[in-house]
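There are 2 protein chains.
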Amino acid sequence: MAAPGGSTCDAAERSVVARVPPLLTDLYQFTMTYGYWRAGRHREHSAFELFFRENPFGGSFSLFAGLHDCLLFLRNFCFTDQDVDFLRSVLPPATDPAFFQFLRSLDCSDVTLRSVPEGTVVFAREPLMEVAGPLAVVQLLETSLLCLVNYASLVCSNAARFRLASGPRRKLLEMGLRRAQGPDGGLTASRYSYIGGFDLTSNVQAGLLFGVPVAGTMAHSYVTSFTSMDEVSPQTLVDLNGDREPVDFISLTKGWLGRVCELLGAEPGKIHEGELAAFLSYAIAYPHNFLPVIDSYSVTCGLLNFCAVAMALCELGYRPVGVRLDSGDLCKQSVDVRRVLRLCSKRFSTSAFDSLIIVGTNNISEETMVEFNNKENEIDVVGVGTHLVTCTKQPSLGCVYKLVEVRGKPRMKISEDPQKSTVPGRKSVYRLIDADGHPFLDLLCLAPEPAPEAGRHLRCHPLAADGTPLSVTPAQVICLRQQMFTKGKVTQPLRSAAETKANVQCSLQSLHPRHKRLQEPDSYTVALSEQLYNLVTELRRGSTKKNNFILGN
Amino acid sequence: MAAPGGSTCDAAERSVVARVPPLLTDLYQFTMTYGYWRAGRHREHSAFELFFRENPFGGSFSLFAGLHDCLLFLRNFCFTDQDVDFLRSVLPPATDPAFFQFLRSLDCSDVTLRSVPEGTVVFAREPLMEVAGPLAVVQLLETSLLCLVNYASLVCSNAARFRLASGPRRKLLEMGLRRAQGPDGGLTASRYSYIGGFDLTSNVQAGLLFGVPVAGTMAHSYVTSFTSMDEVSPQTLVDLNGDREPVDFISLTKGWLGRVCELLGAEPGKIHEGELAAFLSYAIAYPHNFLPVIDSYSVTCGLLNFCAVAMALCELGYRPVGVRLDSGDLCKQSVDVRRVLRLCSKRFSTSAFDSLIIVGTNNISEETMVEFNNKENEIDVVGVGTHLVTCTKQPSLGCVYKLVEVRGKPRMKISEDPQKSTVPGRKSVYRLIDADGHPFLDLLCLAPEPAPEAGRHLRCHPLAADGTPLSVTPAQVICLRQQMFTKGKVTQPLRSAAETKANVQCSLQSLHPRHKRLQEPDSYTVALSEQLYNLVTELRRGSTKKNNFILGN
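Chains Y and V are the protein sequences, given in the same order. Position 175 (the first sequence) corresponds to 259 in the working numbering; numbering is contiguous. Position 551 (the second sequence) corresponds to 635 in the working numbering; numbering is contiguous.
Do not take every clue at face value.
Since the list gives no way to pick one copy over another, a pair counts as held whenever it fits inside one copy or between any two copies.
Stated by the list, open to error - Once the Cα atoms are required to be at most 16 Å apart in a straight line, the calculated EDC-like pairs of lysine to aspartate or glutamate come out as:
hint, residue 1, residue 2
1, K430, D283
2, K255, E138
3, K497, E357
4, K459, D413
5, K338, D191
6, K571, D194
7, K493, D180
8, K477, E622
9, K571, D191
10, K493, D518
If you are wondering where the hints come from, they were derived from the structure by calculation, not from laboratory data.
Assemble the whole structure, with the sequences as input and the hints as a guide.
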């Protein structure tokens, strides 16, 4: 069963504020900040960029997520007396006491965040967020922002891949709470799996906090807790139209069991009484929501019991919902189950049996989803836990946070590993769209440069290539980042999980299939403008000449 | 730098209570509970067992963790009006309103938890926790308990493996916050990495909440934020003994730079001025805690700058701490660095240079740690992030929670996959110790059975074997589980992280090296007593005969 939840931003907000205290960061942020402060550099206007260097899971795209929590974190950023007292106890005794007063006074009122909107398709090496403000403050924000973006984007991207692998038809249920990194890991997983393309979660708290529709019916323990018909109570059920006395539901079901067994050539004496008792008990409690797990003993046995109870429900006017399979070859079993359900429908003229859903769960991975598309099966809803929430294929996204400007001067780290070099300066990021409406190139320009124009040819330099410049003409140009936070205030409406989910689908929709392929996709081009490329070249040349790898003056 | 924290159970407690609301569970726990309630079975005294089926990471042991949080969760378990209102909105409309009043009245006052103490070495398929009480309540606890135990035990076991791979000498620093599953994933990782054998964390909030010693000095961004000597301020430092006027620290360092370059045959003109400025600035701010990252440009350059600043510090009576390497071949680099440090020590008669520490960080895995033991290197402290907190090798532990008794009758799930069958009944778990003090077998007995006696021969049936019974004589017998919670109260003192950490080391200490081996360890035997084995056989036989897989009567 599923219940849609409303938009519950306030609850989500309270939850995030509580769990991201400003001390949830690495100690070196404070020792470095003390260094800046001691040198009188703490107010120097600086900018950091947040980006990742490789798309996860061997794909050619990622989804950007975590912004909502980052904005709340910035808005509420300040140190309590308790925080400062603790810092006093862990920073070296030589720390000037005035530094702690300085910390106590800090907030994000001078910080400006420009960011890609949450739920947007993004690519490796393009700056997703630019955090600008006093050096001391923007340095202190690093770890918390990375922590909020890394896993959210990773699990959101993973969910999107499950959705792509599954196709739009099947319903996807996230059920990974018990395998996540503790309570909040589970909550984050539920929220961003939904945003990335899942329909439902089993996690009730995620329903409460983020409005994610929740679903679930029964586990094997429910079935195994019953041993005999004596445990079924009440044993009656009223007709849906209420125009009869309550009916003895056990007798009714036993009658149907006989007919079902006859139809399928099975022996009624061989069914599992405890399982039948469990199904009966559940159906009497929730006659509108009958969807039992049918493989506690064997699918054959579970299916007989299901059909008998479901037929009895139908006779009383209720519509049973479906069955869950939790072991073995789900594809084959679902086909067998469907055949039996159709047989019942035909033989007993029960159209409700034609629309029963089959839920498949059991260690589902992206590969399983791909298999579901290639192999005959009748699975309507897929429940995914471990492989979704732990992102088994790649359990972390390597977002980094790099300094690009101090006091108006570009900063660049030049590494022997070209992938580890940074792109200097404050930038604008443009997404170039082709005539068919597909994005084909993301362009990084220096902030003061004019935006590229639709229909106008431009030259640029792909980031990950042999240096051959490209000539392109966009049919449309989108400015990818927006100002999201300034002067202590969030400057765009905070989006609910459902709104961000819609953005994900919209953003993925426009992406060309060749970039969306899960296996061996075409890589997407991220390029530098001529001006930015020239700055990089100049800084590189200067660094080689002067052996001074950072050029600010 | 590292600062030991005190015992801060109260803060830890507040944090956990806030983050494990009773709705942080799967929806089906509520639909099942409704089924029990509707059938009048909700008060039936029942017992569930929590265990995992396979040791993680290819090892033959695991560490049990998460108990502390489970106890607080039990103690505080109750539904608020808001919770119940939300449940009303997601459970089927047919749900009897009286059920919500029932939920509102629930707590754990009738629940008893018997558990292995936190931080104990445990093995696959032995019951770690037994949760007994009214069927409705113990069912509702499932997901939250699994969530609290699974990741805590996994990351604790992972940390213990890093510690075993590293040997006792090296200090281990956890620094995975930015790659964990969101804020609380990071906090849980820091806490249980410490418990599993790490010495330090970079996570300040983990220091505040759990008393984990925190450490850290500087990142590359600090170094790259400096470009010239003009940014160093103040430029003076006082002699440690305070018996001189403040000294021009830049000039002093430049003098040393000349001497160091001469010693090493390097050109002072080739050093990176921004890096030197960053080091100077940090040393002036923290003259007692000088430990810079030296590979922002090149280790050669960073090391020259380090030696110059460190020699200047020594001249003023301070002891520099060490250097951090964050890229490339850490083993080789550390050897080269050590040679230079020794050369300086000898040439300049500076004994402080003999005790400098070398910190190595950069995507360290268990394999890297093993390599550190096999290859020449001079690394004293290792910082581990991603591979520790995400448990890359196996990102989830598969703890399950299975029904073993209802109303005094044993429950058993018999599966075609023997690994998925459960062991029925309420049990005692004994650890049998050999004459050398090593545990050699864990024995599961039915609760009413007398405990095995030291020096007395017994027969038992290994769980994972061909059915051949074993005859063993323990030199000592330990009852592995204790009552931890009953009548709404925690009945054992809540342990601090440091206390649990001590238990981990003690428990690992006694384990025989053949079980501790990281690669291809000998598997440890978990066995059933004769009585328990007979019960299993009887239930299996009964189930085959009656095709009734669960026997309760």
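Taking the hints in turn, this is what the structure says about them:
1. K430 to D283: Classified as neither: same-chain Cα gap 31 Å, cross-chain 68 Å, threshold 16 Å.
2. K255 to E138: neither (30 Å within a copy, 31 Å between copies)
3. K497 to E357: between (70 Å within a copy, 14 Å between copies)
4. K459 to D413: Within one copy only: 11 Å inside, 47 Å across.
5. K338 to D191: Cα proximity of K338 and D191: none, with 69 Å in one copy and 38 Å across.
6. K571 to D194: within (5 Å within a copy, 53 Å between copies)
7. K493 to D180: This pair counts as neither: shortest intra-copy Cα distance 29 Å, inter-copy 68 Å.
8. K477 to E622: neither (40 Å within a copy, 43 Å between copies)
9. K571 to D191: within (10 Å within a copy, 46 Å between copies)
10. K493 to D518: neither (34 Å within a copy, 69 Å between copies)
Against the hints set out earlier in the document, violations occur for numbers 1, 2, 5, 7, 8, 10.
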